[in-house]
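A.B. asks: Counting from 1, one number per residue, gives the positions in the sequence shown under this note's numbering.
Some hints here could point you the wrong way.
Using C-beta positions, here's what the derived DEER-type ranges look like [said to hold, decoys possible]: (1) Asp-171 with Gln-75: 46 to 56 Å; (2) Met-1 with Asp-171: 47 to 57 Å; (3) Ser-213 with Pro-39: 37 to 47 Å; (4) Pro-193 with Met-132: 21 to 31 Å; (5) Glu-136 with Ser-54: 43 to 53 Å; (6) Ser-213 with Gln-75: 24 to 34 Å; (7) Gln-73 with Arg-8: 54 to 64 Å; (8) Ile-9 with Ser-213: 50 to 60 Å; (9) Ile-9 with Val-42: 41 to 51 Å; (10) Ala-214 with Asp-55: 15 to 25 Å; (11) Ala-214 with Gly-53: 48 to 58 Å; (12) Ser-213 with Ser-117: 47 to 57 Å; (13) Glu-133 with Tyr-62: 55 to 65 Å; (14) Met-17 with Tyr-77: 54 to 64 Å.
Bear in mind the hints are in silico, worked out from the structure with no lab data behind them. We put the beta carbon where it would ideally sit given N, CA and C, even for glycine.
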Amino acid sequence: MTDDSIARIAAQVSLLMQLDRMRHHVGTEVDMQALANVPAYVARVFEQANAVGSDLSPNDAYDLVNKRISEVQAQLYLIRLELENRHARDPNKIYADPMAISAYGAELNLPRIQARSFDFGPEILAHGWYPMEIAEGRAYRWMRPGDKSLACVPHLGVVNQTLEIHGHALDRSQLDGLSISVGGNEAQIKHTPEMGNTHFVAAFEIEADSIRSASHVAVEFTLQDFQQPNDQDTRLLGINIQGFVCAPATERASAEQRTAETAGAA
Numbered sequence: 001m002t003d004d005s006i007a008r009i010a011a012q013v014s015l016l017m018q019l020d021r022m023r024h025h026v027g028t029e030v031d032m033q034a035l036a037n038v039p040a041y042v043a044r045v046f047e048q049a050n051a052v053g054s055d056l057s058p059n060d061a062y063d064l065v066n067k068r069i070s071e072v073q074a075q076l077y078l079i080r081l082e083l084e085n086r087h088a089r090d091p092n093k094i095y096a097d098p099m100a101i102s103a104y105g106a107e108l109n110l111p112r113i114q115a116r117s118f119d120f121g122p123e124i125l126a127h128g129w130y131p132m133e134i135a136e137g138r139a140y141r142w143m144r145p146g147d148k149s150l151a152c153v154p155h156l157g158v159v160n161q162t163l164e165i166h167g168h169a170l171d172r173s174q175l176d177g178l179s180i181s182v183g184g185n186e187a188q189i190k191h192t193p194e195m196g197n198t199h200f201v202a203a204f205e206i207e208a209d210s211i212r213s214a215s216h217v218a219v220e221f222t223l224q225d226f227q228q229p230n231d232q233d234t235r236l237l238g239i240n241i242q243g244f245v246c247a248p249a250t251e252r253a254s255a256e257q258r259t260a261e262t263a264g265a266a
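Required output: the full structure, derived from the provided sequences and hints.
C.D. replies: Right, dumping it as structure tokens:
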């Protein structure tokens, strides 16, 4: 046997001995009595919330009970409908079912009419980036050297929409070799000098048909120039991405129209 084999065996023996010493001191059994009390506790919370503080006639009491039972039945129906229509790989398949759309109504339409913003947190599926860092409560990531980097951003559903990507580089010259694309279409990269000489916003127009079969927008980043930030940090860094914003196309068009009207009036 080699020294490495003996060391691995010794480590396992040491671990087993520690577990054996703790066997009678650390409880590992599930407290079923405590778990059994959870439904009763939740029921008491709802019972107190639903308590009626005034005298009711029999008809009033029946109407109130019937209303609350109907609300529970409606929620159970919606849960069952969602489970039956949920696609294993793409939750947005529920949009293709007219019965589901009819049942959900405003809930299904809500993400279509409201913009959504993300920092570069775990909800963004990514490859080709350095680990996530956090500053002032927001997550960001640096692009690392490679052929390309990928970021998959959740979208608003099957609807025409825009995607904006906010970021910056270490040096202004890096932006000359930056390319950001979705499905082979390159983004319009606009510099934002009011934020700093190295900051930019990349914008896409995304057609509903192009995302009908996917729950994320796959964004590809390529860069020619990677730089070391300082003597202490020896990484070669590309661009830094701090945020993504998805908005319905009509919302952005209305905002641009308002901006143009304001400029004309001035």
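A.B. asks: Would you mind marking each hint as holding or not holding in the structure?
C.D. replies: Going through the hints against the structure:
Roughly 55 Å separates the CB atoms of Asp-171 and Gln-75, a value that falls within the hinted 46 to 56 Å. For the pair Met-1 and Asp-171, the beta carbons lie near 55 Å from each other, so the given range of 47 to 57 Å is met. For Ser-213 and Pro-39, the Cβ-Cβ distance of about 40 Å falls inside the hinted range of 37 to 47 Å, so the restraint holds. Taking the beta carbon of each, Pro-193 and Met-132 are about 28 Å apart, inside 21 to 31 Å as hinted.
Our hint of 43 to 53 Å for Glu-136 and Ser-54 holds, since their Cβ atoms are close to 50 Å apart. For Ser-213 and Gln-75, the Cβ-Cβ distance of about 30 Å falls inside the hinted range of 24 to 34 Å, so the restraint holds. At about 59 Å, the CB distance of Gln-73 to Arg-8 agrees with the hint of 54 to 64 Å. Between Ile-9 and Ser-213, the C-beta spacing of about 52 Å keeps the proposed range 50 to 60 Å intact.
As the Cβ distance of Ile-9 to Val-42 is approximately 49 Å, the hint placing it in 41 to 51 Å holds. At about 57 Å, the CB distance of Ala-214 to Asp-55 disagrees with the hint of 15 to 25 Å. Checked against the hint of 48 to 58 Å, the pair Ala-214 and Gly-53 passes, with Cβ atoms roughly 51 Å apart. Remark: the range hint 47 to 57 Å for Ser-213 to Ser-117 is contradicted by a beta-carbon distance near 24 Å.
Distance hint check: the CB atoms of Glu-133 and Tyr-62 are about 59 Å apart, consistent with the given range 55 to 65 Å. Under the hint 54 to 64 Å, the C-beta atoms of Met-17 and Tyr-77, about 56 Å apart, fit the expected range.
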